[in-house]
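Let's have the full structure, built from the sequences with the hints guiding it.
Read top to bottom, the protein sequences are chains R and C.
Taken in order, the first sequence gives residues -10 to 320; the numbers are from the working numbering.
Taken in order, the second sequence gives residues 35 to 381; the numbers are from the working numbering.
Hints were generated in silico from the structure; no laboratory data involved.
Note that beta-carbon positions come from the ideal geometry of N, C-alpha and C, so glycine has one too.
No false leads were mixed into what you were given.
Here chain R is said to cover these stretches of chain C; the calculated rule only asks that three of the stretch's residues, wherever they fall, bring their Cβ under 8 Å from a Cβ of chain R:
hint, stretch
1, 236 to 249
2, 259 to 270
3, 279 to 290
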Amino acid sequence: MSPGQRRLFEFVLDNLVWFILFVVLAIFSAFVPNYFQPQIFINIIEQSTVLGVMSIGLAIVIIAGHMDLSVESVAALSAMVTGMMFASAGIGMDIPLSPGWLKVPASLAAGLAVGGLIGLLNGVLVVKVKLDAFIVTLASFIWVRGTVVALSGGRSAQGLASEIRWFAIQRVFGLPLSAYIAILCFVVFSVMMMKTRFGRHLTLIGGNETAAFRAGIKVNKVLITAFVMAGMISALAGWLLAIRTSGATANLGLGMLFQAFAAVVIGGVSLKGGIGGVPGVYAGVLLLSSINTAINLLHLPAEYTQVIQGLLVLAAVLLDTLKHTIRKRLA
Amino acid sequence: MKRTLTFGAMALAGAMTIAQAGYAQDSKGTVYYLVPTLLDEFQTGSITALEMFLGQVGYDMETLNADNKTDLQQTQMNDVIALAPDAIILAAVDFNALAPGVEAARAAGIPVVIFDRQIDSVESDFTSVAGTIEMGYTAAAEVQRLLTERNGAVEGKVLQILGDPGDPYTLDIQQGFEEVMADFPEVTIITHPAMQWEASNAGTIAANQIVTDPDIDIIFSHAAHLSVAVVAALESAGKAPGDVYVMSSNGAPVGLDLIRQGWMQSEVEQPLYAQAAAVAMFMDKVVNHEEIADGEYDVIGLPSVVTHEAWGATIKIPGAAINAENVDNPTFWGNLQPPADPVTPVE
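Okay, structure coming up:
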């Protein structure tokens, strides 16, 4: 194999999920009625917003060699805090702020603070107290959702302030501003993981924590920062979710954890840690949204979505194994 | 010293006995309420309503939340039977899966009241429901009215958004709705479930369908909180209130707010206060295993009928269709104004 061919081959391997995404979109466009139209593609990107941002947080922790099952519940709590502060109906308090645009940073700050604190708690328990991340974040998944129910009393906060809903209403080239926020997150965190020292340390720690420690990397500090980041990113996802649904309900975001996991694995992130990147995760999110949309348009039972997502995750893991085998042979 | 201590202990024991007797005179007994979930406004409202009305007729109430898990509710049923309460009120996660639990409770001498989610596969001591299938009928009548208002005839396109497809509650509403709408072949019904009753799933369905079917006339969601996300999707797509008619069922406060804002045209109410009040009114008869006579009863101002079905005495209290004209009616539980007059037990 010539060096050029080898480079091309490795490029395809590294970005396999994007190629799969384009092939899937082409097939759906050809065979699913009403699929191939600009607004459907815009919808897919828009519907990927919340899941996409949530998946970034999850991916960062998994790449670092750990787990964060609390992302969904943190997003729900952030959404509920936003709704309770600035929704005008239900349990919304419609806190007055002047000028009105201050509601945007205030709600965002409140959500990020909540997410950051939960992330910090998770990080300290995992890193300092040496508890298993799966158990710690599973507990967080449960108690944080319980907090949402307790705070809301099972009720809804509805009618989010127009200043905050603005991000869902205002569109540029047909896409709402909230979608651009998600795309910006993917760009920023992709650059962080690939080009910054923190990102490289995170990946090294995920690959071999002991070796990273011995190389002089401040492992504990990096890991705790990763958990805090995951909490804050999940909170941002929750804020976007509240914007999307103009409020919050006690069961908002239910089921997104599994979808985030599926997107992360499909995107090429290894559950063992140390392998994977954020761009692939976005492709995974778009792939899931594309399939979800096709199932809706085909009027297939919604359970098909879960069956297909599960099979996709399996296929992604098998493909990943195949990729490593091929790389070893090429080397 | 010894005499003082003995006297003190006797006085304390006596005081506790008197206090307990006094407490027993205030409470006729304890009733357990098995609620399916706390993630739904109707269910959390039902706890408050049942507690209030049962308190008015002299009963204490304890609540156990099943978190939408059938196996958990089955376990809770078994645990509560062991506690031997005066009665169990059950709003089942899965209507038929709890049938053995109902039988076991009754075999242990504990009367069982079925609340909101009718179980017709096993006998119970009393059932108080709006009737989920009947809610579907009411929704169908509202769709006919709205289509006639919009198109001049009962023709057009309806997007029906269910709750979780594993929930018999939403399937019953669908059954009742589609049974009636089958008589109108000019109406196309597109149905999609919002998995796990999650609002953003409903928003996604609405956002996609208004692109592929821009001629949708009505979006009918099986819960008001789903309509919130639907309205958000319509707003994001540049629609104004009334461009697409919106309907939902359960009567939650958010639904009534959407009616006031002009986004929603109709809400089929589950008469929560009346359903809960009926339970309290008949609780003495249930606890004492007395016969409940068929007939008409006034339940907080709503004329309601008790009939004897294969599964036992049943009161079905039909829910009203709420619209802009009657949205402020205080009897609708979504206005969160419980009745001022206490309920009294049926003699």
